[in-house]
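Quick note, the sequence shown lines up with residues 4 to 123 if you use this note's numbering.
These are calculated hints, taken from the structure and not from any lab test.
Model, not experiment: these values are computed from the prediction.
Just to be clear, a hint being listed does not mean it is correct.
Computed cross-link-like contacts, BS3-like style, restricted to lysine-lysine with a CA-CA straight-line distance of at most 30 Å [claimed, not checked]: (1) 81 x 103; (2) 121 x 35; (3) 67 x 81; (4) 21 x 78; (5) 21 x 66; (6) 113 x 66; (7) 21 x 100; (8) 21 x 35; (9) 67 x 100; (10) 103 x 35; (11) 103 x 113; (12) 81 x 100; (13) 78 x 100; (14) 66 x 100.
Label pairs and their calculated CB-CB ranges [said to hold, decoys possible]: (15) 28 x 62: 24 to 30 Å; (16) 66 x 34: 41 to 47 Å; (17) 119 x 41: 28 to 34 Å; (18) 67 x 40: 37 to 43 Å; (19) 81 x 28: 30 to 36 Å; (20) 102 x 59: 28 to 34 Å; (21) 97 x 120: 42 to 48 Å.
Think of the CB as a built atom: it goes at the ideal place given N, C-alpha and C, for glycine as much as any other residue.
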Amino acid sequence: MVEKSDTKPFDLEERTIKYARDMFEFVGLRPKTLVNIELVKQVVRSAGSVGANYIEARESLGKKDQTMRIRICRKEVKESRYWLQRFEIEGQVLQGKRQKLINESSELLKIFTTIVEKIK
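Hey, can you work out the whole structure from these sequences and the hints?
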């Protein structure tokens with residue numbers, strides 16, 4: 004039931020898992036400040052939920068459950084991006100990695116929004 008984008012050939016399941024993995028890698032590199040420690044919990048929870056819910060949506064038997072899980076994916080992508088933007092970061096390398104993840108979250112958000120609209 005979940006469709007792939009016509010404009011970009013990719014496996015969305017792999018992409019959501021890669022997104023979570025890249026987030027986990029990023030939070031391991033960030034400076035360990037009190038603010039960042041709390042943010043890590045939020046980013047890890049929301050980024051991991053994106054991949055898990057997408058996999059469950061693909062396994063779903065009903066349209067209602069599938070739509071709900073895709074909406075959760077969309078919400079969790081927004082949340083992970085929100086928390087990611089709040090990290091205290093110094094240096095161009097980490098700034099660049101964060102921007103790349105923010106861009107990927109924007110792309111995933113567009114994809115999930117499109118899927119939700121097509122399922123309706």
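The hints, checked one at a time:
1. The hinted pair formed by residue 81 and residue 103 meets the criterion: a straight-line CA distance of about 15 Å does not exceed 30 Å.
2. Between residue 121 and residue 35 the alpha-carbon distance is near 42 Å, which puts this suggested pair outside the 30 Å criterion.
3. Only pairs whose Cα atoms come within 30 Å are accepted, and residue 67 paired with residue 81 is accepted, the gap being roughly 21 Å.
4. Of the pairs offered as hints, the one joining residue 21 and residue 78 holds, with about 18 Å between alpha carbons and a cut-off of 30 Å not exceeded.
5. Taken as a hint, the residue 21 and residue 66 pair is honoured in the structure, with Cα atoms around 26 Å apart against an allowance of 30 Å.
6. A hinted pair counts as satisfied when its Cα atoms are at most 30 Å apart, and residue 113 with residue 66 qualifies at roughly 20 Å.
7. A hinted pair counts as satisfied when its Cα atoms are at most 30 Å apart, and residue 21 with residue 100 qualifies at roughly 14 Å.
8. A C-alpha spacing of about 23 Å is found between residue 21 and residue 35, which places the hinted pair at or below 30 Å, so the restraint holds.
9. Of the pairs offered as hints, the one joining residue 67 and residue 100 is violated, with about 36 Å between alpha carbons and a cut-off of 30 Å exceeded.
10. As the CA atoms of residue 103 and residue 35 are separated by approximately 21 Å, the hinted pair is consistent with the 30 Å bound.
11. At most 30 Å may separate the alpha-carbon atoms for a hinted pair to count; residue 103 and residue 113 meet this at roughly 16 Å.
12. Restraint check for residue 81 and residue 100: the C-alpha separation of about 17 Å stays at or below 30 Å, so the hint holds.
13. Between residue 78 and residue 100 the alpha-carbon distance is near 22 Å, which keeps this suggested pair within the 30 Å criterion.
14. At most 30 Å may separate the alpha-carbon atoms for a hinted pair to count; residue 66 and residue 100 exceed this at roughly 36 Å.
15. The supplied range of 24 to 30 Å is met by residue 28 and residue 62, whose beta-carbon atoms lie about 26 Å from each other.
16. At roughly 45 Å, the beta carbons of residue 66 and residue 34 sit within the given window of 41 to 47 Å.
17. About 30 Å separates the C-beta atoms of residue 119 and residue 41, a value consistent with the hinted range of 28 to 34 Å.
18. Between residue 67 and residue 40, the C-beta spacing of about 38 Å keeps the proposed range 37 to 43 Å intact.
19. About 21 Å separates the C-beta atoms of residue 81 and residue 28, a value inconsistent with the hinted range of 30 to 36 Å.
20. For residue 102 paired with residue 59, a C-beta distance near 30 Å keeps the hint of 28 to 34 Å intact.
21. At roughly 35 Å, the beta carbons of residue 97 and residue 120 sit outside the given window of 42 to 48 Å.
Hint violations for this structure: numbers 2, 9, 14, 19, 21, all remaining hints satisfied.
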